Amino acid sequence: MAKNSNLHAAKVAKNDEFYTMLTDIEKEMSHYKDFFKGKVVYCNCDDARESNFFKYFSKNFEFLGLKKLITTGYKAEGKGVVLIYEGDKNGNRKVEDEEITIKELEGSGDFRSDECIEFLKEADVVVTNPPFSLFREYVKQLMDYGKKFIIVGPKNAAITKEIFPYIKENRLWMGWGFSGGNAYFKLGKSVTTEYSDGVFNPDENVVKFRNCGWYTNIPTEKRYQKLDLYKRYSNEYKHYDNIDAINVNKVAEIPMDYNGIMGVPITFLDVYCPEQFEIVASMCNTNVNEYNYGYPFVEGKKLFARILIKRKCA
1328 MAKNSNLHAA KVAKNDEFYT MLTDIEKEMS HYKDFFKGKV VYCNCDDARE SNFFKYFSKN
1388 FEFLGLKKLI TTGYKAEGKG VVLIYEGDKN GNRKVEDEEI TIKELEGSGD FRSDECIEFL
1448 KEADVVVTNP PFSLFREYVK QLMDYGKKFI IVGPKNAAIT KEIFPYIKEN RLWMGWGFSG
1508 GNAYFKLGKS VTTEYSDGVF NPDENVVKFR NCGWYTNIPT EKRYQKLDLY KRYSNEYKHY
1568 DNIDAINVNK VAEIPMDYNG IMGVPITFLD VYCPEQFEIV ASMCNTNVNE YNYGYPFVEG
1628 KKLFARILIK RKCA
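Numbering-wise (the working numbering), the sequence shown opens with residue 1328 and increments by one.
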């Protein structure tokens, strides 16, 4: 609970300087290596000079077969910076300063600015860790411009009114994820949120969140791995008070032989296969509409948010 509340506090306070660890970037990108060939990669929302995204893609430029790498950095008071790298020029297989074009931007480097949108238009794929406080607005921009992306974000954003429709319509889904569900971030200088014991490592200036994941719209083999089901439907599955559907407390307990609507934890999105299940709606708040059916209640007790799904019969 403390970890999730800390993430929420950071979002509310707009403490957005959380830098993704290079090892986590390497692990996630390894699943997309064939996709990157011939692509222009854009890493915005970064500290351009310190970005581990820039370090990863510049170091692996030839290995991935990239066409171009663009990284823009935001500066709250002043002008942002753009770094452009188009590969090794002298054949020594090293990323050298003279091979990187560095330019000062006219504005702050905000991803919503006209000059950053021009870089976005040029890009084939966007890979970055956008600010948590602007995550929904950031995703909307990517969708509006029809961009492929692999980005870090809070998992709870998946059931918001802005993001969930994309997930239901199979326009966005969860990537491979952080090892063991633990996302580690190096803190920026402006972050002032206090953290609980076990969350913040002051020696390394690193914070750990359990409620972060990778969002993408690029298919990989994980997307089509069907969940192994072993349980059969019985009276142990309670029906909701307010909707004709059964409650499933754990993803592993989804019954293999129930063809009606089931409410499952949000963690289901980590294993969702569109060939096996259909996402019907969410149950997460009081704003009832075609995407959200209200909070889930069983025998008068309100439960945690649920995703409503239906098994696709063979």
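A couple of the hints might just be wrong.
To be verified - Each computed DSSO-like pair below joins lysine-lysine, with the alpha-carbon atoms no more than 30 Å apart: (1) Lys1639 / Lys1395; (2) Lys1565 / Lys1535; (3) Lys1395 / Lys1382; (4) Lys1565 / Lys1475; (5) Lys1475 / Lys1639; (6) Lys1360 / Lys1629; (7) Lys1553 / Lys1495; (8) Lys1448 / Lys1394; (9) Lys1406 / Lys1475; (10) Lys1364 / Lys1354; (11) Lys1386 / Lys1475; (12) Lys1386 / Lys1488; (13) Lys1448 / Lys1488; (14) Lys1467 / Lys1402; (15) Lys1488 / Lys1629; (16) Lys1553 / Lys1421; (17) Lys1639 / Lys1577; (18) Lys1382 / Lys1360; (19) Lys1549 / Lys1639; (20) Lys1535 / Lys1475; (21) Lys1549 / Lys1386.
Since the hints were derived computationally from the structure, they do not count as laboratory data. Keep in mind it's a predicted model, so treat the numbers as computed, not measured.
### Query
Under the criterion that the straight-line Cα-Cα distance not exceed 30 Å, is the pair Lys1360, Lys1629 satisfied?
Roughly 43 Å separates the two Cα atoms, so the pair is violated.
### Task
Starting from Lys1488, check that the Cα of Lys1629 is at most 30 Å away, please.
Status holds; Cα separation ~20 Å.
### Task
Would you mind confirming whether the straight-line C-alpha gap from Lys1475 to Lys1639 stays at or under 30 Å?
Holds, because 27 Å separates the two Cα atoms, which is no more than 30 Å.
### Task
Starting from Lys1467, check that the Cα of Lys1402 is at most 30 Å away, please.
holds, 22 Å
### Task
Sort out whether Lys1495 lies within 30 Å of Lys1553, counting only the CA atoms.
holds, 17 Å
### Task
Measure nothing beyond the straight line between the CA atoms of Lys1386 and Lys1475; if it is 30 Å or shorter, mark the hint as holding.
holds, 21 Å
### Query
Would the pair Lys1364 and Lys1354 pass a check requiring their Cα atoms to be no farther apart than 30 Å?
holds, 18 Å
### Task
For the pair supplied as a hint, Lys1448 and Lys1394, confirm whether the alpha-carbon distance does not exceed 30 Å.
Given pair Lys1448, Lys1394 holds - Cα atoms ~15 Å apart, limit 30 Å.
### Message
Can you confirm whether the C-alpha distance between Lys1448 and Lys1488 stays at or below 30 Å?
### Response
holds, 26 Å
### Query
Lys1386 and Lys1488: Cα distance at most 30 Å?
This hinted pair is violated, its Cα atoms lying about 38 Å apart.
### Query
When you check the alpha-carbon spacing of Lys1395 and Lys1382, does it fall within 30 Å?
holds, 14 Å
### Message
Checking one constraint from the list: CA of Lys1549 to CA of Lys1386, max 30 Å. Satisfied?
### Response
The hint holds at about 26 Å.
When held up to the earlier numbered hints, the structure conflicts with 1, 2, 4, 6, 12, 16 and fits the remainder.
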